[in-house]
Amino acid sequence: MKLLLGQFVLIAIIWIGMLMFYSDMNEASRIIFYLVTSWMLFILVGIIKVFMRERKEKSTK
Numbered sequence: 018m019k020l021l022l023g024q025f026v027l028i029a030i031i032w033i034g035m036l037m038f039y040s041d042m043n044e045a046s047r048i049i050f051y052l053v054t055s056w057m058l059f060i061l062v063g064i065i066k067v068f069m070r071e072r073k074e075k076s077t078k
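In terms of the numbering used here, the sequence shown has 57 at position 40, counting the first letter as 1, and numbering is strictly consecutive.
What the hints contain is simulated information worked out from the structure, not anything from laboratory work.
Small disclaimer: the values here were computed from a predicted structure and weren't measured.
You can take every hint at face value.
Computed spacing ranges between beta-carbons, pair by pair:
hint, residue 1, residue 2, range
1, E74, L20, 13 to 21 Å
2, I48, F25, 16 to 24 Å
3, E44, E74, 42 to 50 Å
4, Y39, V62, 21 to 29 Å
5, R70, G23, 15 to 23 Å
The list that follows gives simulated cross-link-like pairs (lysine-lysine, DSBU-like), each with its CA atoms no further than 35 Å apart:
hint, residue 1, residue 2
6, K73, K19
7, K19, K75
8, K19, K66
C-beta atoms are modelled at their ideal positions from N, C-alpha and C, and glycine is treated no differently.
Kindly generate the complete structure, drawing on both the sequences and the hints.
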C-alpha cells in the first residue's frame, strides 16, 4: 500500500506540473499528458482495490 501511495503522490506532482503548461503543449506533449493521467487513474483504482481488500480481511477476522 505504501508503494502505491508513494507512486500516486509522485505522479500527482508531475501531473499538476504538466497541467500548468497544458495550453502550451503540442500534440506529442498532450499524448504524454493523457498517458500520465491514465497511469494515475490506474494507480488510484489499485489503491482502492487494496484498501477494500484490507478492509474486508479485517472485518472477517
